[in-house]
Amino acid sequence: MRASAAEQTQSGGLVLLMLASWAVPGAGHLWLGRRSKGLIFLIALPLMFAIGLAIHGRLFPFDVSDPLVCLAAFANLGIGSPYLAAASLGYGAGDVRAVTYEYGNAFLIVAGLLNMLVMIDAYDVAMGRK
Amino acid sequence: MRSHLVLMTLFAFFVSLVFAVIAKDDIREQVRFGGLMLAGFLAVAIVLGWFMYPFPL
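Which chain is which? The protein sequence lines are A and B, in order.
Residue 45 in the numbering used here sits at position 45 of the first sequence; the count goes up by one each step and never skips.
Positions in the second sequence are counted from 1; adding 130 to them yields the numbering used here.
Incorrect hints may have been included.
[To be verified] Quick list of simulated restraints, FRET-style, between CB atoms:
1) I43(A) / L166(B): 21 to 29 Å
2) R97(A) / R158(B): 40 to 48 Å
3) Y183(B) / V15(A): 48 to 56 Å
4) F181(B) / D63(A): 30 to 38 Å
[To be verified] Partial pick of chain A residues on the chain B-facing surface, computed with a CB cut under 8 Å:
5) I40
6) I51
7) F107
8) V118
The hints are simulated quantities; they were obtained by calculation from the structure and are not laboratory data.
Just so it is clear, CB atoms sit at the ideal spot from N, CA and C, and this is done for glycine as well.
Taking the hints into account, I'd like the entire structure generated from these sequences.
Listed below in structure tokens is the structure:
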């Protein structure tokens, strides 16, 4: 059963929904009863992030002196708990000598950005716009 | 996995998949939209690759 927008906003669950959607890709859609969409996001986005790590992509640091690096760091963070797990386990150092380094960065950054889009979609669903 | 073509195809697949699932609700529409987007990504990448061929780094 899908939770309506009114139920979500009345219960004050919207913030929690967005947090869950950020932390676990697809969790927002699963919460709202969109199981197939949620499962696809739950598998595809962490897999994309893992491939990025496996091909020597880098998790960028929050370096405000270099705006592009800082933006890439925010994009990396968008994937949620996979980012926190990878960072805490020491993955994502990146190997600039690897042929696949730039591809790895693209996978890591875009996985985070896509999860942000998924969060916005979950918000729209919760508000009854979709 | 070091093939640029494979990695580019994989990247395009994931992006197309997520966009299709976000944009469409019906499975048939998702497959059509995602397939077209994937084909577009691959075609543009290959065409641009050939356009860049005469320009050495």
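Range agreement (Cβ of D63(A) with Cβ of F181(B), hint 30 to 38 Å) | 35 Å, holds
Is 40 to 48 Å right for how far apart the beta carbons of R97(A) and R158(B) are?
-> With Cβ atoms ~45 Å apart, the hint holds.
Does V118(A) meet its interface restraint, that is, does its C-beta lie within less than 8 Å of any C-beta in chain B?
-> With a closest approach of 7 Å, the V118(A) hint holds.
Do I43(A) and L166(B) keep their Cβ atoms within the hinted range of 21 to 29 Å?
-> Hint holds: Cβ distance 22 Å, inside 21 to 29 Å.
Closer than 8 Å between Cβ atoms is the bar; does I51(A) clear it against chain B? Give me holds or violated.
-> Check passed: Cβ of I51(A) comes within 7 Å of chain B, closer than 8 Å.
Would you settle whether the hint for F107(A) is holds or violated, based on the nearest Cβ-Cβ distance to chain B being less than 8 Å?
-> At about 6 Å, which falls below the 8 Å cut-off, the nearest Cβ of chain B leaves the hint on F107(A) intact, so it holds.
Residue hint I40(A), partner chain B, criterion CB-CB below 8 Å | 5 Å, holds
Hint says 48 to 56 Å; check whether the CB-CB distance for Y183(B) and V15(A) agrees.
-> 51 Å, holds
In summary, the structure agrees with every hint in the numbered list given earlier.
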